[in-house]
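Asks: Those sequence lines, one after another, are chains A and B. Going by my numbering, the first sequence opens with residue 1, and the numbers climb by one from there. Going by my numbering, the second sequence opens with residue 1, and the numbers climb by one from there.
Each statement offered as a hint is correct.
Across the chosen pairs, the derived CB separations fall in these ranges:
(1) B:S17 x A:G11: 40 to 48 angstroms
(2) A:M7 x B:G148: 27 to 35 angstroms
(3) A:V28 x B:A75: 43 to 51 angstroms
(4) A:G11 x B:G196: 31 to 39 angstroms
(5) A:I365 x B:G116: 48 to 56 angstroms
Hints are computed from structural coordinates only; laboratory data are not their basis. Ideal placement from N, C-alpha and C gives every residue a C-beta, glycine not left out.
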Amino acid sequence: MNMRFGMWLSGHLLVPRGESKYARLRLVRSAALIAIVMIPLVLALIFMDGMMNGITDKYILLQDGHIQLQVADQLFDSQFAASSIDPRIASADYVVSGYGIVYSRDTTSEVRIKGVDLSYFNDQRMSQLEFSGDPLKKEGSLAAVMLSTTIAQKLGVEVGQRVAFMVVPDSSSSVVRPVLANVTALYESGYHELDSSLLFMNRDDALRYFPKDRNAYTELLVFRDHVDDLGDVVASLESTLDKNFPYATWDEFNGTVYQNFITSRQVILLVFVMILLVAGVYVSSIAQEMIQDSMQSIALFKTLGATNSNLSWAYFCSVMVVTSIGMVAGVALGLLIGSQIGVLLHWLGNSGLAGLQYYLLDFQIVISWRDILAISLAMLLISSVTVRLSLGRIRKISPLEMLQQD
Amino acid sequence: MTRELLRFHAVTKTFASGQSQLVILEDLDFVLYSGTTVAITGKSGSGKSTLLNIAGGLDKPSAGSISFLGRELGALNDKELSAFRNRHIGFVFQSHILLDDFTALENVCVPALIRGVRQSDAVKRAKELLDRVGLSDRLQHRPQKLSGGERQRVAICRALVNAPDLIIADEPTGSLDEESSSGIEILLTDIVREEGKTLLMVTHDTQLASRCSTVYLLHNRTLQEMA
Numbered sequence: 001m002n003m004r005f006g007m008w009l010s011g012h013l014l015v016p017r018g019e020s021k022y023a024r025l026r027l028v029r030s031a032a033l034i035a036i037v038m039i040p041l042v043l044a045l046i047f048m049d050g051m052m053n054g055i056t057d058k059y060i061l062l063q064d065g066h067i068q069l070q071v072a073d074q075l076f077d078s079q080f081a082a083s084s085i086d087p088r089i090a091s092a093d094y095v096v097s098g099y100g101i102v103y104s105r106d107t108t109s110e111v112r113i114k115g116v117d118l119s120y121f122n123d124q125r126m127s128q129l130e131f132s133g134d135p136l137k138k139e140g141s142l143a144a145v146m147l148s149t150t151i152a153q154k155l156g157v158e159v160g161q162r163v164a165f166m167v168v169p170d171s172s173s174s175v176v177r178p179v180l181a182n183v184t185a186l187y188e189s190g191y192h193e194l195d196s197s198l199l200f201m202n203r204d205d206a207l208r209y210f211p212k213d214r215n216a217y218t219e220l221l222v223f224r225d226h227v228d229d230l231g232d233v234v235a236s237l238e239s240t241l242d243k244n245f246p247y248a249t250w251d252e253f254n255g256t257v258y259q260n261f262i263t264s265r266q267v268i269l270l271v272f273v274m275i276l277l278v279a280g281v282y283v284s285s286i287a288q289e290m291i292q293d294s295m296q297s298i299a300l301f302k303t304l305g306a307t308n309s310n311l312s313w314a315y316f317c318s319v320m321v322v323t324s325i326g327m328v329a330g331v332a333l334g335l336l337i338g339s340q341i342g343v344l345l346h347w348l349g350n351s352g353l354a355g356l357q358y359y360l361l362d363f364q365i366v367i368s369w370r371d372i373l374a375i376s377l378a379m380l381l382i383s384s385v386t387v388r389l390s391l392g393r394i395r396k397i398s399p400l401e402m403l404q405q406d
Numbered sequence: 001m002t003r004e005l006l007r008f009h010a011v012t013k014t015f016a017s018g019q020s021q022l023v024i025l026e027d028l029d030f031v032l033y034s035g036t037t038v039a040i041t042g043k044s045g046s047g048k049s050t051l052l053n054i055a056g057g058l059d060k061p062s063a064g065s066i067s068f069l070g071r072e073l074g075a076l077n078d079k080e081l082s083a084f085r086n087r088h089i090g091f092v093f094q095s096h097i098l099l100d101d102f103t104a105l106e107n108v109c110v111p112a113l114i115r116g117v118r119q120s121d122a123v124k125r126a127k128e129l130l131d132r133v134g135l136s137d138r139l140q141h142r143p144q145k146l147s148g149g150e151r152q153r154v155a156i157c158r159a160l161v162n163a164p165d166l167i168i169a170d171e172p173t174g175s176l177d178e179e180s181s182s183g184i185e186i187l188l189t190d191i192v193r194e195e196g197k198t199l200l201m202v203t204h205d206t207q208l209a210s211r212c213s214t215v216y217l218l219h220n221r222t223l224q225e226m227a
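Okay, chain B solo, but in the shape it has when bound:
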C-alpha cells in the first residue's frame, strides 16, 4: 500500500543574480508516494538538481513548504535536518562522491556509523550490500583503485545502508561510459525495488528514465508528468 512520502506545496526557489532574482522553481506542487520510482528530466539549468537538494533537506525553498511523511522540513533545525537526512534519505551523486582515504567497505558504513549503529553491525550490513552489487572482492579497495562503475555501485550501497525511505539520485550515470551506465541503471532501479524503497532521480538518460514508474519534465519552473 502506497503512502504519501514527500510533498512539495507551492515551492518557489529563487537565487540572487546581481540586483535581480532568478526564479528556478515557481509555485511547484508535487507529491511522491512510497515505493515508486520517479525520474525528473529537463534541460540543463532547469532546476532539477535544486529540486533534489530541496527534497533531500540540503537546501531550503524561498517560499512554500515541503513535508516528509507529514512532517514539515522547514520546522527542523540543523541538527534535526541532519538526522532526517541520515535516517530517511540516501544520496547518489553524479560524480559518485566517495571518501578517498576510506575503503569501499568503510565508505558504505559511514551513514550507519553516523546513525549510531555498532561498527560490527554496520560492517555486516555494508558487506551484504556490496556483495549484492558484486563488489565482495573489492571491500578493502579505496576509491582510486575502483572503476567509475564500481565507485557508483559503492555509492548506491552507501545510499541504502541505513535503509532510508527515499533514494535521491542526481544523474547517477552522468559520468559513466555507456557500458557502465547500463549496468548501474539496472542495478539502481532493481535494488531500489527489491528493498522496497522510493527513488527520486534526475537524469538526462532516457533509457534510465524509462525504467521508472513515473517521469516528470521540469520545464518553465514547474513539473509536467510525461506519458
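Next comes chain A alone, as it looks inside the complex:
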C-alpha cells in the first residue's frame, strides 16, 4: 500500500479546496454532529459517577459506615484507637440505632434514630453535612436530638423546640415507649432521601431507649483507597484483637441501593453502546457521502493506477480524523459543561423540578478517565468497522464505466 499517496489524498479530502464548499460544510457538520453525540455521553457519565459516588458517600458516612461490627459492647476507647491497629481504618464509632416515630403538634414522621457521640461528626462526616445549633448538646434530662431540616420542616419545628418520640419496640420488648426530646440542632446533608428519614440522638440517651445487645454496634470508616479491602480490614482486627466479629459491609446492608447503582450503571453503559452504534452508522454515512460525491475522481485515480487499498486507506483516514476531531471536541465540551453540572442542577432545582429531590444537587465531580477512554475507543472501533464496510463501495467503482459516462 502506498501510504504517501493515501496520506496526500486524505489531506485533500480533509481540507477540500476550490469550489468544494459543500464538502467543507459536510466535514464541519459531521464533526459537529459527532461532538453533539459525545457531549451528552460524557455529561451522563460525569452525572452518573458523581451522583452515585455522592449518594454512596452520604449513605456510608452518615448512615451506615463501611463496616458494622455487630458487637454490643464498645470495642475502642476512642474514635482513632482502631487506626493504630490497622492504618486503613479512618475511624471507629460506637453507635446505637433503632426506629421510631417523631411527633410534632401537627404531624408525624417515621425516622431512623442513630445514637452517636459528638466525636462522630469528624472531618470526613462534616464534609457531608452542614448544621446549625449545638448538635446533641444535653440540657436537663431530656434527650438531645438533631433533626434534618427536611424533617424539621415537615414537623414544623425549630432548634430549641421539643418533639415527642414513639420508639418502635423490637421483638424483645412489648412496651411502646413515648419519649420527649429537645431539638438542639438541624442538619442538611443535601440528599433528600437520607435527610427525610435520619435523625441523630445523643448516644447515651439512645442507649436508654434501645437495648444495647440488639441495637449497638461499632461503625468503621476506612480510607477511600481501601474500600475494596473491607474483609481484609476485619480480618486484621480479628487477628490483632484475637476475637471473631460478626460484621456486615455497607453494600450488604444497603444491598438494594448498591444493586440499583450497579444495575443503573450497567443499563446506562448499555444505552451508551446503543448510542455509539447509531453514531457509528452515521459515521459510515459520512464515508458513503464522500465516496458518492467523488466517484468520478475515484475512477480517475484508479485509471491512473491507484489501488482499492490506496483509496480505501485515504478515505478511511479522512473519516476517522473527522470522527476523532468530533469526538475530542465532544469530550472536551462534555467535560467543560460537566464541570459546571452543579450550577446546572441548582438552576434546575430552583426552577422547581420535582424529580430532583431524589438526587444530590451538590456533589463532587468525578471524571472517570477510564470510562471516557473506553467510550472514545468504542466510538473509534465501531466507526472504523462501519466505515470499512462502507468503503467496500470503492472496490465496485469501475474506471471504465465512469470514464465512459463522462
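Since the structure of chain A is provided, determine the placement of chain B on it from the hints.
Replies: Chain B alone, transformed into the frame defined by chain A:
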C-alpha cells in the same frame, strides 16, 4: 533501436446485447513498437476506444491475449494491473478529465504520487512538464479556471509525469476548437517524440493522424494499415 512494446494476439471483444453477443473486435492481431506514433481511425462505434481500453489494461478481451513488453496482461491481478497502468501507461482522454478540486500542478503530480514518488520530486517533475507546455503561470489554477486547450495540456503533462512507455490518447482534440486542436496536435506528437515515448492514439482528425508514423483504420472489427 525499436523493440516490441505491445502485442495483441487474436484479440476478440464482445459485448452482450440482449440475448445476442455484439462483436466489437474479432481475432485482431497488432504489434506496437516502442518509439513509434500510431493513429487509429475509424467510424464511430467501430471499437477504437475499446481497443485503447484493452491496450491500457482498463478492459479485458473476451478472447485472445495482450502482452506488454513480453508480459501477459491477462495474468495480472487487479493490483498488478493498477501498477502496470501507473508505470507503463499515460492516458490522455477526449474530455481532458482532470480533478476539479486540485490545481493544475496537483493534477499532474497525481500519477507520480500514486507511484510513491516523494512529493517534492513529483512537484519538480510536474513543474518541468507544465513549463514545457507553456503553463508555468497556471500551476495553481484549478481546471475550471483553465481553457479547454490548457486543460488538455495539463492532461498531457499528467500522462507524461511518470515517464511511461506508452501514451494512450483517445481523441485528444475531440472536444477542442480548431485553433486549440492544432496546438495540442503539435504539442502531443512533439513532446512524445522528444521524450522518446510511444503514442497510440484514436482520432477522427486526419491532420493529427497525419503527424503519426503509422495510421490504422479499424474496419470490420480488424485493423488495416493505411498508406
